[in-house]
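**Student:** The sequence shown maps to residues 42 to 258 in this note's numbering.
By construction, these hints were calculated from the structure, which means they are not laboratory data. C-beta atoms are modelled at their ideal positions from N, C-alpha and C, and glycine is treated no differently. Careful, some of the hints might be misleading.
[Claimed, not checked] Here are the simulated lysine-lysine pairs, DSBU-like style, with alpha carbons at most 30 Å apart:
#1 K201 with K143
#2 K143 with K102
#3 K54 with K113
#4 K54 with K102
#5 K102 with K163
#6 K54 with K143
#7 K201 with K113
#8 K163 with K113
#9 K102 with K201
#10 K91 with K54
#11 K143 with K91
#12 K113 with K102
[Said to hold, decoys possible] Using C-beta positions, here's what the derived DEER-type ranges look like:
#13 S56 with T177: 18 to 28 Å
#14 S164 with K91: 36 to 46 Å
#15 T209 with S52: 41 to 51 Å
#16 S86 with P168: 25 to 35 Å
#17 H50 with V92: 14 to 24 Å
#18 I49 with A69: 43 to 53 Å
#19 G161 with R90: 46 to 56 Å
#20 A69 with P159: 42 to 52 Å
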Amino acid sequence: MHLKSASIHLSGKASLAGFDVGNPPGYAEPRAVRFDRVDASVLPSTLFRKVLEVEELRIVKPDVTLEFAGPKSNLSVLMDNARRPGPPAGEEAPGRTFIIHKLTIEEAAVRFRSDLIPGGAKSVTLPTLTVENVGTAEGGATFGQVLGTILQQLGTGALKAGQGLVPTELLNDLGSRVGEGVKTIEQLPSKSVEELKKQVPDKNKVEKGVKDFLHQN
42 MHLKSASIHL SGKASLAGFD VGNPPGYAEP RAVRFDRVDA SVLPSTLFRK VLEVEELRIV
102 KPDVTLEFAG PKSNLSVLMD NARRPGPPAG EEAPGRTFII HKLTIEEAAV RFRSDLIPGG
162 AKSVTLPTLT VENVGTAEGG ATFGQVLGTI LQQLGTGALK AGQGLVPTEL LNDLGSRVGE
222 GVKTIEQLPS KSVEELKKQV PDKNKVEKGV KDFLHQN
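Kindly generate the complete structure, drawing on both the sequences and the hints.
**Tutor:** Below you can see the structure in the form of structure tokens.
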């Protein structure tokens, strides 16, 4: 990951610019996701505490290159990497954790890149994505878990937007990772879980393809 600049104020306002997530090995593009700007409104009384309480986190114009090597996408690999187990029960997570009351992803652009896509790369813009109450249990969510939630949302949006543009066999693998991500996020205290369940297919539906699932939504 790379960060161009960051500013944090004692008033509770924070902003990150040029935040990049690099591609895993085996993919041609240098990065998977670029966040043009990330704005946060932090509860000032928690600035120096282990658990940072964020009233709102706005991710503005993320640029996603969804690249496929065979049927598996870079986003699937990143979601797998973010799905690492947390500390054992009763133990605190290392480093700072976060409670995010509202997480919004605005104007996300997704470019699908694969030799299997007829006519070459396809680009779409996703509608605004919103998650509420991420990491509300005692201890909050780690940075990796928050990033995993963001990737989960982008993957869900891309899964829907890719219908009709991307071959089903490519969407099937992404759909399975999104479905597995819901199981992981269920371990986090987020009210978004039920909404995510409504958006993603179960394993059997993924194996049959995403078409029926998308029609239900």
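**Student:** Check each numbered hint against the structure and report the violated ones by number, ascending.
**Tutor:** Of the numbered hints, 3, 18, 20 do not hold.
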